[in-house]
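**Student:** The primary structure of each chain is shown beneath.
Protein chains: 6
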Amino acid sequence: MNAVFPGSFDPITSGHMDVLTRAAKIFDRVTVTVMHNARKQGRHLFTLEERMDILRGATTHLPNVRVDTFGGLLVDYMAHQEPGSVILRGLRAVSDYEYELQIAHLNRQIGDAETVFIMAATRWSFVSSSMIREIASYGGDVSEMVPRASAAALRRRHAEAYAEREAEKHEHSETPQREQPGH
Amino acid sequence: MNAVFPGSFDPITSGHMDVLTRAAKIFDRVTVTVMHNARKQGRHLFTLEERMDILRGATTHLPNVRVDTFGGLLVDYMAHQEPGSVILRGLRAVSDYEYELQIAHLNRQIGDAETVFIMAATRWSFVSSSMIREIASYGGDVSEMVPRASAAALRRRHAEAYAEREAEKHEHSETPQREQPGH
Amino acid sequence: MNAVFPGSFDPITSGHMDVLTRAAKIFDRVTVTVMHNARKQGRHLFTLEERMDILRGATTHLPNVRVDTFGGLLVDYMAHQEPGSVILRGLRAVSDYEYELQIAHLNRQIGDAETVFIMAATRWSFVSSSMIREIASYGGDVSEMVPRASAAALRRRHAEAYAEREAEKHEHSETPQREQPGH
Amino acid sequence: MNAVFPGSFDPITSGHMDVLTRAAKIFDRVTVTVMHNARKQGRHLFTLEERMDILRGATTHLPNVRVDTFGGLLVDYMAHQEPGSVILRGLRAVSDYEYELQIAHLNRQIGDAETVFIMAATRWSFVSSSMIREIASYGGDVSEMVPRASAAALRRRHAEAYAEREAEKHEHSETPQREQPGH
Amino acid sequence: MNAVFPGSFDPITSGHMDVLTRAAKIFDRVTVTVMHNARKQGRHLFTLEERMDILRGATTHLPNVRVDTFGGLLVDYMAHQEPGSVILRGLRAVSDYEYELQIAHLNRQIGDAETVFIMAATRWSFVSSSMIREIASYGGDVSEMVPRASAAALRRRHAEAYAEREAEKHEHSETPQREQPGH
Amino acid sequence: MNAVFPGSFDPITSGHMDVLTRAAKIFDRVTVTVMHNARKQGRHLFTLEERMDILRGATTHLPNVRVDTFGGLLVDYMAHQEPGSVILRGLRAVSDYEYELQIAHLNRQIGDAETVFIMAATRWSFVSSSMIREIASYGGDVSEMVPRASAAALRRRHAEAYAEREAEKHEHSETPQREQPGH
Numbered sequence: 014m015n016a017v018f019p020g021s022f023d024p025i026t027s028g029h030m031d032v033l034t035r036a037a038k039i040f041d042r043v044t045v046t047v048m049h050n051a052r053k054q055g056r057h058l059f060t061l062e063e064r065m066d067i068l069r070g071a072t073t074h075l076p077n078v079r080v081d082t083f084g085g086l087l088v089d090y091m092a093h094q095e096p097g098s099v100i101l102r103g104l105r106a107v108s109d110y111e112y113e114l115q116i117a118h119l120n121r122q123i124g125d126a127e128t129v130f131i132m133a134a135t136r137w138s139f140v141s142s143s144m145i146r147e148i149a150s151y152g153g154d155v156s157e158m159v160p161r162a163s164a165a166a167l168r169r170r171h172a173e174a175y176a177e178r179e180a181e182k183h184e185h186s187e188t189p190q191r192e193q194p195g196h
Numbered sequence: 014m015n016a017v018f019p020g021s022f023d024p025i026t027s028g029h030m031d032v033l034t035r036a037a038k039i040f041d042r043v044t045v046t047v048m049h050n051a052r053k054q055g056r057h058l059f060t061l062e063e064r065m066d067i068l069r070g071a072t073t074h075l076p077n078v079r080v081d082t083f084g085g086l087l088v089d090y091m092a093h094q095e096p097g098s099v100i101l102r103g104l105r106a107v108s109d110y111e112y113e114l115q116i117a118h119l120n121r122q123i124g125d126a127e128t129v130f131i132m133a134a135t136r137w138s139f140v141s142s143s144m145i146r147e148i149a150s151y152g153g154d155v156s157e158m159v160p161r162a163s164a165a166a167l168r169r170r171h172a173e174a175y176a177e178r179e180a181e182k183h184e185h186s187e188t189p190q191r192e193q194p195g196h
Numbered sequence: 014m015n016a017v018f019p020g021s022f023d024p025i026t027s028g029h030m031d032v033l034t035r036a037a038k039i040f041d042r043v044t045v046t047v048m049h050n051a052r053k054q055g056r057h058l059f060t061l062e063e064r065m066d067i068l069r070g071a072t073t074h075l076p077n078v079r080v081d082t083f084g085g086l087l088v089d090y091m092a093h094q095e096p097g098s099v100i101l102r103g104l105r106a107v108s109d110y111e112y113e114l115q116i117a118h119l120n121r122q123i124g125d126a127e128t129v130f131i132m133a134a135t136r137w138s139f140v141s142s143s144m145i146r147e148i149a150s151y152g153g154d155v156s157e158m159v160p161r162a163s164a165a166a167l168r169r170r171h172a173e174a175y176a177e178r179e180a181e182k183h184e185h186s187e188t189p190q191r192e193q194p195g196h
Numbered sequence: 014m015n016a017v018f019p020g021s022f023d024p025i026t027s028g029h030m031d032v033l034t035r036a037a038k039i040f041d042r043v044t045v046t047v048m049h050n051a052r053k054q055g056r057h058l059f060t061l062e063e064r065m066d067i068l069r070g071a072t073t074h075l076p077n078v079r080v081d082t083f084g085g086l087l088v089d090y091m092a093h094q095e096p097g098s099v100i101l102r103g104l105r106a107v108s109d110y111e112y113e114l115q116i117a118h119l120n121r122q123i124g125d126a127e128t129v130f131i132m133a134a135t136r137w138s139f140v141s142s143s144m145i146r147e148i149a150s151y152g153g154d155v156s157e158m159v160p161r162a163s164a165a166a167l168r169r170r171h172a173e174a175y176a177e178r179e180a181e182k183h184e185h186s187e188t189p190q191r192e193q194p195g196h
Numbered sequence: 014m015n016a017v018f019p020g021s022f023d024p025i026t027s028g029h030m031d032v033l034t035r036a037a038k039i040f041d042r043v044t045v046t047v048m049h050n051a052r053k054q055g056r057h058l059f060t061l062e063e064r065m066d067i068l069r070g071a072t073t074h075l076p077n078v079r080v081d082t083f084g085g086l087l088v089d090y091m092a093h094q095e096p097g098s099v100i101l102r103g104l105r106a107v108s109d110y111e112y113e114l115q116i117a118h119l120n121r122q123i124g125d126a127e128t129v130f131i132m133a134a135t136r137w138s139f140v141s142s143s144m145i146r147e148i149a150s151y152g153g154d155v156s157e158m159v160p161r162a163s164a165a166a167l168r169r170r171h172a173e174a175y176a177e178r179e180a181e182k183h184e185h186s187e188t189p190q191r192e193q194p195g196h
Numbered sequence: 014m015n016a017v018f019p020g021s022f023d024p025i026t027s028g029h030m031d032v033l034t035r036a037a038k039i040f041d042r043v044t045v046t047v048m049h050n051a052r053k054q055g056r057h058l059f060t061l062e063e064r065m066d067i068l069r070g071a072t073t074h075l076p077n078v079r080v081d082t083f084g085g086l087l088v089d090y091m092a093h094q095e096p097g098s099v100i101l102r103g104l105r106a107v108s109d110y111e112y113e114l115q116i117a118h119l120n121r122q123i124g125d126a127e128t129v130f131i132m133a134a135t136r137w138s139f140v141s142s143s144m145i146r147e148i149a150s151y152g153g154d155v156s157e158m159v160p161r162a163s164a165a166a167l168r169r170r171h172a173e174a175y176a177e178r179e180a181e182k183h184e185h186s187e188t189p190q191r192e193q194p195g196h
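Chains as they are written, first to last, in the working numbering: chain P, 14 to 196; chain F, 14 to 196; chain A, 14 to 196; chain V, 14 to 196; chain W, 14 to 196; chain Y, 14 to 196.
For reference, chain P alone in the conformation it holds in the complex (with noise of 0.2 Å):
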């Protein structure tokens, strides 16, 4: 049996990398999909590209893993690209166990397609993508937190950010007849 891994790893955690690695062992081939919205993209920290860049660095030691990707209803990714494949997806003791239940039964009401759910450790059950990014925008340390391919990216963010934030204040600096902001 195979499985798909959707989500939008923006970037992936070390609780996405531990459902991942269990699943690994259970299904014959696991194949993880970045779903991608062409109407949310803007709001993404990292391209559709760097994502799947840092995926595929973080799970080159799993031989039966793959990075894909797909752009549109993830039924019709299930019945197109992959068949006879079950949806995998975690649970985390900490999670809004609600929604993933809803959006299980709709796939299933709507395509047909069974979702199977893991359990991540509960070390992992506070890790989320949008509180790593949070805490990295902050320059706060992640590393514990994600694998080292996500690392490595948010560190990079944050320094072009950082860059950027600096340029304009020096930019600002040449320009003294424009008011500066009070804060």
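Don't read these hints as lab results, they were simulated from the structure.
Do not rely on the hints blindly, as some may be mistaken.
[Claimed, not checked] A few chain F positions that, by computed beta-carbon distances, are all more than 10 Å from chain W:
#, residue
1, GLU147
2, ALA174
3, ALA180
[Stated by the list, open to error] Covered, in the sense of this in silico footprint (three residues per stretch, anywhere, with C-beta under 8 Å from a C-beta of chain Y), are these stretches of chain W:
#, stretch
4, 31 to 40
5, 114 to 124
6, 127 to 133
Virtual Cβ for every residue (Gly too), placed ideally from N, Cα, C.
Fit chains F, A, V, W and Y to the supplied structure of chain P, relying on the hints for placement.
**Tutor:** Okay, now just chains F, A, V, W and Y, sitting in the frame of chain P:
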């Protein structure tokens, strides 16, 4: 006893219809009231008038159900338009129960308005307007999860969006000097 | 529309009274029905007759509320004693919401009986008959959390239990040959 | 990959059957294992042997499903009888999710046994063995909520209990000197 | 032991005040810290300075409570401004408990900062800053659900918004050639 | 500020120890109080005295922690033995949060006793005394989930139960005329 069934109904789903049909047997009269907020107007898929039209189309077979609208606090509507009526809300097995309770307690506190809850059938547990809109935007089939009036409106909206995108493409193809965006 | 408010009411609490008082304004008639089960009879603090007496005492000021009892499935009672009525249940902010939904779906499935939920006031969120019994058994003051009829009955029961324990002690003191239990 | 579906199955419900049927398509082989505990033996409606018979009757059409039993810790069964298999559990929209997660984490901790969750269809959300037993004990019709094998066994058990009560009454009527219990 | 009570307090509610008043009796000193985020500045109803003024006005009677602000990660604030203090959070009967736990575990993980929870009174279970803002924006009366300082600020803000809308209308009435928007 | 950590501690787990160790850093003094109820005495694995001995053995390294016991309402204990102290309770990611809130509101209502919650580490989320007892009763290894004092006591109890069963078997083998129970 009369009941008011408030919501944004963008558009009405089979879950809403299930609650409404059960309520029409319990209460003397049920008013489905589309609550609108001038500040959130652009965020809906259907205009206020469209949503009311869909509601009217979906409830013609229920003689003691009427459709209304209000822009303001629900408790003001209850006090001035429906004095003595109760607020009706549906409960889903998989739903935001705590949010429902919070709103209901608030309406009791600020407007002395009582809320009565009825369960939707379990088969609609996973259906919500936002998920319906998401699936329909990809051309997915939602006809089993909404009344006919909603399904027809969703198909029209999807066709319009498709035509718009095609028109945009055509426009681009006539302006070859402009760089074609990748992806 | 009439409503049936089923429960074991061992004894009725201020939370039950709050739900009942609100329901008496919404429904034409409300029947409070003490459900009893021959197999569980010994597990109650008050006998079926005592619980009905307390209920009658607590609801004399509500003219459209009457007290009844039934030993069997609630759906059989609804079908034969209260055809056309709805089941009434209270929802608490801190409560076993999922259990309530499960029972309500079951009653709909096996008996076509509809359930309507009303919220108890937030101040009764933490009150339940079992906690009332626990506190009262230690002589704790529960008079703010139950109607007068329940408070009086709980005091009588506590006094009886005390007298019984004293009588036992006395009996023991007259039988010195019997070894005193250490505790 | 093989899976073990553990439970007390007293008796198996349509919700269990739904999970089992879906699992039989996902896993190479599924073993339904009736866990028994010598200390809790008297608390079941059906004996271990009866429960296994019902299970065998209900799963004859599923060639890759077999029925087994074990008295002990599930992790010991997994380690010695089903090494390399995963534990299978059903998730219901209305259910004790937190308890399921707790057990699954524990089995991972003490026995390195992985648990995989599959959702039962929403229509079985409210069905549990304990509620089935309760309804059947009053002669209620549960045939839509359990497989035929369970329904037949429940009818037999109900008829036996009825006959027993009648015999008791008869015996009493032959002993007029004994005081007839009221109730 | 000192405690830090972090939040956006836009504005402080009676629920916050309840938690704060209880905490002032338990801890030697409590610091209410308005967390601000430069990127989210426009999304608040009150400016940072206004929110701090309201807080100061609402806590003058609590001698061991002081008001502070920080723009950054809470764990950095705890480490540098309040070493040795604990984080204080309120729990509501109807609330986002899982989110609270997630944040608290994260703060423990990335900053070794401990969180202590205190319950708000049940009567504030349904009160949140966002709902207060929503009601006040329609001119609803929230004076029972916020301290005086918040109520006064909300009335001022509502009056300003009203004046602004009136000024806009006036401007439109002077430009009759412009088509009046229907609604 | 002093805190009282009440419970049945049958026996104390690593989750309890985690909460206790954190609390000992936050509060001036922590009293671990074994609540006992004469009516429930037979239902425990360890006697009151054994549970207190295990607690003392597990907390010798915590100088500001002491062990006590009380048979009655917690609020009476707080009022007479620990006036001015707060009640301390642990919160688990996977736990009965609503029950905890209910008890805490009740203690505030009937005894004006305040409860403060601290989270156990996520790794103890699935550990409870009842599960520990269940696993240990089958001879499972729980040494990673309880302090040494509990593990030693559980092993002794398991050995005693084993010896008792062996003695019973021996007795049976000497009475061949008695029919051997099948199982």
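**Student:** For the stretch 127 to 133 of chain W, do three or more residues have a beta carbon lying closer than 8 Å to a beta carbon of chain Y?
**Tutor:** Our answer is that it holds, as 6 residues pass the Cβ test (under 8 Å) against chain Y, meeting three.
**Student:** Over 10 Å from every CB of chain W: does ALA174/F meet that, or does the non-interface label fail?
**Tutor:** holds, 24 Å
**Student:** GLU147/F: least C-beta distance to chain W exceeds 10 Å?
**Tutor:** Given that every Cβ of chain W is farther than 10 Å from that of GLU147/F, nearest at about 23 Å, it holds.
**Student:** Examine each Cβ of chain W, and state whether all of them lie more than 10 Å from the Cβ of ALA180/F.
**Tutor:** At roughly 26 Å from the nearest Cβ of chain W, ALA180/F sits farther out than 10 Å, so the non-interface label holds.
**Student:** Is the listed coverage of the stretch 114 to 124 of chain W by chain Y valid when you require three or more residues with a beta carbon under 8 Å from a beta carbon of that chain?
**Tutor:** holds (count 4)
**Student:** Just to make sure I understand the rule, a stretch counts as covered if three or more of its residues have a C-beta closer than 8 Å to a C-beta of the chain. Does the stretch 31 to 40 of chain W meet that for chain Y?
**Tutor:** holds (count 4)
Violation of the numbered hints given earlier is absent; every hint is satisfied by the structure.
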